[in-house]
Amino acid sequence: MSFHLKRVGIIGSGVMGSGIAAQLANAGVASLILDIAPASLTKEEEALGLSLSDRKVKNRITEANLQQLMRAKPAQLFEPDLIRWIEAGNIDDDFERLSEVDWIIEAVPERLDLKRATFERLEKILKPSQIISSNTSGISLREMLEGRSRAFRERFLVTHFSTRRVICGCWKLSPARKPTPKLSQPLQRLERGFLEKGLCMHATHPISSQIESGWLSSHVSCIQSKRKTTQSRRSMPSLESSSGGRKAAFSV
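Just so you know, the sequence shown maps onto residues 12 to 263 in my numbering.
Since the hints were made in silico from the structure, they are not lab data. Backbone N, C-alpha and C define an ideal beta-carbon position, used for all residues, glycine too. Treat the hints with caution; some may be incorrect.
As a list, the in silico DSS-like pairs of lysine-lysine whose alpha-carbon atoms are at most 25 Å apart [stated by the list, open to error]:
| no. | residue 1 | residue 2 |
| --- | --- | --- |
| 1 | 17 | 135 |
| 2 | 138 | 17 |
| 3 | 67 | 54 |
Label pairs and their computed distance ranges (CB to CB) [claimed, not checked]:
| no. | residue 1 | residue 2 | range |
| --- | --- | --- | --- |
| 4 | 153 | 17 | 26 to 34 Å |
| 5 | 148 | 128 | 17 to 25 Å |
| 6 | 59 | 82 | 19 to 27 Å |
| 7 | 62 | 164 | 36 to 44 Å |
| 8 | 161 | 61 | 41 to 49 Å |
| 9 | 123 | 103 | 19 to 27 Å |
Could you build the full structure based on these sequences and the hints that come with them?
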């Protein structure tokens with residue numbers, strides 16, 4: 012399974028979806044972020060003679076959330092012009108374009124029916140090299156992946172991001188099943204790619220009581236320059252010390 016992280020697709024442009032896009036932009040990774048199209052026009056759109064089929068209208072929710080991202084304090088982006096790494100779209104027009112990205116992150120509201128419907132639609136357009144993850148923090152893998160194929164499950168993760176501060180992010184990662192070479196090898200390449208872009212990763216074992224929901228927690232420190240990457244890696248504890256003497260199942 013060949014994997015190269017060049018572009019990420021994000022479904023859901025709310026606080027988490029747009030925040031994830033910002034952290035990727037800080038690392039120099041492009042993203043396509045999608046949200047639903049509006050069901051009605053605003054007064055301003057009506058005055059301009061626009062219709063619900065106009066691209067400007069259909070992208071309104073995503074664009075509004077990205078504008079809110081730009082106004083966030085503390086700032087989510089290292090520099091305002093990094094917004095260029097984020098492309099806005101909508102689910103009606105752009106969903107099939109997700110087949111062109113390397114990694115798809117689901118960040119829709121915490122409703123099981125929405126997540127299942129999203130994954131069902133995704134499975135129809137996926138390519139063999141893609142990785143899929145959910146940003147859920149409370150829905151179990153078993154429930155989300157009901158009805159999905161084995162091939163889908165083998166490349167599915169839970170990735171939970173903390174994006175409140177631009178200088179530090181936290182991920183919790185969980186494979187849907189025991190990591191296979193199809194999943195662990197791309198994740199190792201993903202780790203190397205992030206290190207090259209100024210991000211440090213460091214993993215611990217999943218806690219036994221959390222195995223059903225499958226959390227594998229890892230800490231991702233977002234540093235301000237590539238120059239600090241080496242220093243940051245040296246200062247972090249070893250995997251053994253951070254996980255009670257147990258080595259992580261794989262390197263992310």
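When the hints from earlier in the document are held up against this structure, which numbers fail?
none
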